[in-house]
Amino acid sequence: MDLGRIQKELKEIERDTASGVSVDVMGNSLQRLRGFVKGPRDTPYEGGMFVIDIILEDQYPFVPPKMRFITKVWHPNISSANGAICLDVLKDQWSPALTLKTALLSLQSLLALPQPDDPQDAVVAKQYLSEHTKYAQQAKSWTENFANPALASTQEQKVGQLVDMGFDEANSRAALRAAGGDVQAAMERLLSE
Amino acid sequence: MELERRHSPHQASERLPSLVEEHSDATGAFECNICYDLAREPVVTMCGHLYCWPCIYRWMQVQSHCRVCPLCKAGIDVEQVIPIYGRGADQTDPRSAAEKDILRDGPPAATLPRRPLGQRPAPIHRSSSFSMTGTVQPSLQFIPSIFGFNSGSGHGHAEPLTPEQQHQAFLSRLLLMLGSFVIMCLLLF
Ligand SMILES: [Zn+2]
Ligand SMILES: [Zn+2]
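Chains A and B supply the protein sequences, listed in that same order.
Per our numbering, the first sequence starts with residue 1, numbered consecutively.
Per our numbering, the second sequence starts with residue 194, numbered consecutively.
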């Protein structure tokens with residue numbers, strides 16, 4: 001993996017605070033990162049902070065970063081079940097001249113401009129096309145419920161705490177969810193497993 | 194090579210302060226668009242974008258169907274990159290280059306072909322029609338060239354001429370023919 005380039009990318013994202021996207025490092029490997037995308041204005045996603053799971057493979061930047069929404073989101077091109085994203089630049093339109101920042105900015109514009117003709121979530125896409133007001137309402141309520149900026153960062157902090165204790169990240173996330181966000185209870189759950 | 198040296202000292206001293214301040218910007222113009230480092234074994238694509246040879250070669254190998262420039266999506270090919278030979282280049286120890294991450298994950302050194310060589314087009318003679326004033330050539334020697342035979346005296350290479358050059362050569366031959374015809378007329382009559 002080209003660590004030099006990733007470090008330069010991270011520095012550049014850090015320097016640019018106005019773009020509405022940012023990246024956090026999880027632990028001490030640069031393989032697993034956390035992206036944050038601010039919901040674009042004048043959309044049902046406004047006011048939300050969307051957390052993105054980023055996995056960099058060894059071949060990065062020759063292959064696209066693997067990105068997935070951790071925050072639940074109601075959007076034609078994002079799976080409402082697992083956060084999988086349907087976006088060309090994260091697939092065959094990727095180029096090594098693109099960066100984590102441009103990819104996250106693409107996600108931001110995808111939030112602003114859904115492409116229902118190339119859907120990831122067929123149910124949402126159908127609703128988007130046939131009952132647009134209903135779609136907007138649902139997207140807005142999901143944003144309020146799941147993409148709360150304060151919630152996003154505290155949630156990530158809690159996951160980070162558990163990961164620092166040595167627990168697996170996915171397990172920590174599941175345990176936290178089951179424990180209703182209580183770190184102590186989540187830890188007990190993880191220990192009893 | 195001499196040319197570069199001739200006009201560098203002045204400008205360098207004038208630009209030094211700003212160069213130091215904007216160090217990152219100045220070198221930024223010569224950073225590879227893939228690894229973000231100063232381009233190693235630099236090559237430039239026909240569309241003008243700079244890369245390390247190992248980086249762009251690897252990208253060409255990754256792309257399965259059609260090979261495009263990472264920045265502008267213009268078509269690129271192994272044979273269609275121009276190497277850049279800067280001063281002080283090739284002084285880096287190739288072994289240290291091999292330690293670079295991108296090479297380590299990329300094609301092993303054995304499979305990475307040599308960077309393509311630069312092309313050497315023929316020099317273009319400006320106002321070529323009567324430029325042979327300095328050298329007095331026996332008239333017999335340039336008669337063949339009038340009729341399209343290359344005497345080979347001034348040209349040490351065999352690259353094909355571009356259409357433009359061919360056109361120019363044709364024009365100059367025509368003028369030469371006319372000129373010698375006039376002189377012949379003057380001499381004979
Ligand atoms: Zn490079
Ligand atoms: Zn280009």
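Careful: at least some of the hints might be erroneous.
Stated by the list, open to error - The calculated DSBU-like cross-link candidates involving lysine-lysine, where the alpha carbons are at most 30 angstroms apart (straight line), are:
{"id": "1", "chain 1": "B", "residue 1": "266", "chain 2": "A", "residue 2": "101"}
{"id": "2", "chain 1": "A", "residue 1": "126", "chain 2": "A", "residue 2": "158"}
{"id": "3", "chain 1": "A", "residue 1": "158", "chain 2": "B", "residue 2": "266"}
{"id": "4", "chain 1": "A", "residue 1": "134", "chain 2": "B", "residue 2": "266"}
{"id": "5", "chain 1": "A", "residue 1": "126", "chain 2": "B", "residue 2": "266"}
{"id": "6", "chain 1": "A", "residue 1": "8", "chain 2": "A", "residue 2": "91"}
{"id": "7", "chain 1": "A", "residue 1": "66", "chain 2": "A", "residue 2": "91"}
{"id": "8", "chain 1": "A", "residue 1": "72", "chain 2": "A", "residue 2": "126"}
{"id": "9", "chain 1": "B", "residue 1": "266", "chain 2": "A", "residue 2": "8"}
{"id": "10", "chain 1": "A", "residue 1": "72", "chain 2": "A", "residue 2": "11"}
Calculated directly from the structure, the hints in this document are not laboratory data.
A quick note: this is a predicted structure, and the numbers were derived from the prediction, not measured.
Structure-based check of all given hints:
no., hint, verdict
1, B/266 / A/101, "holds, 19 angstroms"
2, A/126 / A/158, "violated, 36 angstroms"
3, A/158 / B/266, "violated, 43 angstroms"
4, A/134 / B/266, "violated, 40 angstroms"
5, A/126 / B/266, "violated, 33 angstroms"
6, A/8 / A/91, "holds, 23 angstroms"
7, A/66 / A/91, "holds, 9 angstroms"
8, A/72 / A/126, "holds, 18 angstroms"
9, B/266 / A/8, "holds, 24 angstroms"
10, A/72 / A/11, "holds, 28 angstroms"
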